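Novice: Sequence:
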Amino acid sequence: MPMIFLNRSIALVSLLISFIMLYGVGERFLSALWMLYKFYGGNGEGISLGVSMTLITYLVSFGLIAVSRVMYTKSGDTVALSLSKVTSHILWFGLMLLTILLVTPLAHLYSR
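So the sequence shown is numbered by my numbering: it starts at 570 and just counts up by one.
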């Protein structure tokens, strides 16, 4: 029983962190699209993303993907399995949006 509670707690915290990451990346993505629409034909700089926050987002996301992968393979609890699967899908979608921002002219990196 305590192991099931621990697995579910880890999966739930990972899901919460993935939703927070998706909210942040989604907000920046929508902001970039709005800036593209608003200033179409202008200077075309797009939004600015910090190097350190982008790096932290990638590292934490890949770490959580690894944790959810371990949870998916090691846990026998169906709730923890489904939570870890949803977590990994959300994280991959958020990383895809962030990568699109970085490879297109919608955003540029800056360091402090």
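Worth double-checking, as some hints may not be accurate.
[To be verified] Simulated restraints on C-beta separations:
1. K607 - V672: 28 to 34 Å
2. V582 - L671: 26 to 32 Å
3. P571 - L678: 40 to 46 Å
No wet-lab data here; the hints were simulated from the structure.
Note that this is a predicted model, so its numbers are computed, not measured.
For glycine and all other residues, C-beta sits at the position ideal for the given N, C-alpha and C.
Novice: Does the structure break any of the earlier hints, and which numbers would those be?
Specialist: 1
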